[in-house]
Structures are given as C-alpha cells and as structure tokens.
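**Student:** With the hints as extra help, turn the sequences into a complete structure.
Going down the list, the sequences are from chains E and C. Numbers given in my numbering equal positions in the first sequence, counted from 1, plus 2. Numbers given in my numbering equal positions in the second sequence, counted from 1, plus 366.
Keep in mind the hints are simulated off the structure, nothing from the lab. What you are looking at is a predicted structure, and each value in this text was computed from that prediction instead of being measured. C-beta: ideal position from N, C-alpha, C; glycine also. Treat the hints with care, as some may be off.
Some but not every residue of chain C turned toward chain E, in silico, with C-beta under 10 angstroms [stated by the list, open to error]: (1) Ala-385; (2) Gln-386; (3) Thr-394; (4) Gly-427; (5) Met-495.
Non-contacting residues of chain C with respect to chain E, defined by C-beta distances greater than 10 angstroms in every case (computed) [what the hints assert, rightly or not]: (6) Arg-412; (7) Ala-487; (8) Glu-497.
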Amino acid sequence: MNERLFGIHGAALTLRSERMGVIASNIANAATPGYKARDIDFNAALDARLADQRGDITAGAQAGQVWRTPTMPSMDGNTVELNREQVAFAENAVAYSATLSFVTGKVNTITRALKGE
Amino acid sequence: MPERGPMTLFSMTTRAMSAQMVRMNAATSNLANAGSVSTTAEGAYRPIRPVFAVELDRASGLTGVTSSGLVRAETAPTKRYDPSHPLADADGNVFEAPVDETAEMVEIMESARQYQNLVQALQTAKQLMLETLRSQ
Numbered sequence: 003m004n005e006r007l008f009g010i011h012g013a014a015l016t017l018r019s020e021r022m023g024v025i026a027s028n029i030a031n032a033a034t035p036g037y038k039a040r041d042i043d044f045n046a047a048l049d050a051r052l053a054d055q056r057g058d059i060t061a062g063a064q065a066g067q068v069w070r071t072p073t074m075p076s077m078d079g080n081t082v083e084l085n086r087e088q089v090a091f092a093e094n095a096v097a098y099s100a101t102l103s104f105v106t107g108k109v110n111t112i113t114r115a116l117k118g119e
Numbered sequence: 367m368p369e370r371g372p373m374t375l376f377s378m379t380t381r382a383m384s385a386q387m388v389r390m391n392a393a394t395s396n397l398a399n400a401g402s403v404s405t406t407a408e409g410a411y412r413p414i415r416p417v418f419a420v421e422l423d424r425a426s427g428l429t430g431v432t433s434s435g436l437v438r439a440e441t442a443p444t445k446r447y448d449p450s451h452p453l454a455d456a457d458g459n460v461f462e463a464p465v466d467e468t469a470e471m472v473e474i475m476e477s478a479r480q481y482q483n484l485v486q487a488l489q490t491a492k493q494l495m496l497e498t499l500r501s502q
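**Tutor:** Spelled out as structure tokens, the structure:
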C-alpha cells in the first residue's frame, strides 16, 4: 500500500531520516578516541529497501552501510572530519526536504481526489 | 546515567553535549589551576582529562557518547627554586602544576566548536521533524 501510494518516496524518506541519525552520531563522536565514522550509501540502501518491499532476497538491513575513509587519519584512531560531516548533514537535510515535499504533494493530491474538489 | 527506551536523536545529542561540557569544565579547571604551587611533588595539581567512550544503541542504530571518567595526566610537576615562597620545602623548592595553558585553550576552542556543531545539527533535525509533522 505504502509503496503503491508513495512510490520510492516513502522508503527514501525513512532512509533519509536514518542517514540523518548516522551523521548526527558521527558529529556527536567527533572527540571519541577510536570512533570510526559511518555513513549510508543512499543508492545501495534504497535499492535494497525497494527489493525488500517487492519481496526479493536482499542483503538485509545493513545494505549500504559504509565506513568513512579519512583524508588525514588522526593519531587517536578517530575518523570523523567535521567539515565532511557538516556537508553531508546539510546535503541530507535538503534531500529530506525534497522527498518530504513529494510525499506531501502526493497526499494533497489524494485528499483532493477523495474530497472531490 | 542509563535511560529507558531506545536512543532518540534528542537524547543522543543531549549526551554528546554533556560530554563536551565535561571536557570544557575539565580544561577550565586545568586553566584555573595553572601556576598553583605545592610543597611536595605529590601534592601538586595534575591536569585532568575526560575519557570519551562510544555508546551504541542497537535498536535505533544511533551512536551516542559518554564520558566514562576522568584521568589525571602523568606529567611530573615543575620544580622551581624559590626559598622565599611560603610553601617552599626544606631545600627551598616549590612544585608547580604542569599545566600547558595553550593546549588547554585549544582544547576549550575545539570543544566549543564541536558543541556548536551539535546544536546546529539538532536544530536542523528538529526543523525537519516539525515540517514532517505539519505536512498534511
């Protein structure tokens, strides 16, 4: 139902929200020794999500999980680079807004159709 | 302080901000004690540093941060010959706290930047959540 109504946007919105959490985790751990920054490869994760919805065999919930490769590794083993996290967070926020507006538009269309305006 | 229920973006950021605050307070204490002297080497102030640890929440996939304790630096206090000092020992030496003011200032600045970053990220996330709630 969800997939038929919203197309890929339902899954995309969930994924964007999850990615926001992952990047926020990186920002929170900017000073934790030995912390390895994570990210979600959006394309791969979305493909896995959609295949999952169709009922195909998938790589599981961990699909699209990637580790960040630091430009310059630090001595304490932490791989968070604040500038990259900031950019990734901003990019993700914009994409979240875009996806959200698609979902909202769809909902508005359906509501209008139901009301018969 | 363990919290019931899965970690949310809000609780995660709260913890990270608390951790940064501990870090900043530790650096400030070190700065405040810079130049303080003692009669014995053991009695001299040693700089403190918080130890941060990862706190993974499997239910939500979020990774928070806790400060798992404070450690004292192993640096030896600076011995200074100053017989006229009221705290000088029998040989006329006083022991000064081995605080590196520049390092502490850098620590405070870095901590402030990371705290700012957290606040900004939380603001953006909150705004997006509110937008999602408001959209009909």
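**Student:** None of the hints should be skipped; say for each whether it holds.
**Tutor:** Structure-based check of each hint:
1. Ala-385: Hint holds; Ala-385 (chain C) Cβ to chain E Cβ min 8 angstroms, cut 10 angstroms.
2. Gln-386: 7 angstroms, holds
3. Thr-394: Violated. Min distance 16 angstroms.
4. Gly-427: Because about 6 angstroms separates Gly-427 (chain C) from the closest Cβ in chain E, which is inside the 10 angstroms limit, the hint holds.
5. Met-495: 9 angstroms, holds
6. Arg-412: Holds: least Cβ distance 20 angstroms, greater than 10 angstroms.
7. Ala-487: Contrary to the label, Ala-487 (chain C) does not stay out of reach of chain E, its closest Cβ about 5 angstroms off (not over 10 angstroms).
8. Glu-497: 6 angstroms, violated
In terms of the numbered hints stated before, the structure departs from hints 3, 7 and 8, listed from lowest to highest.
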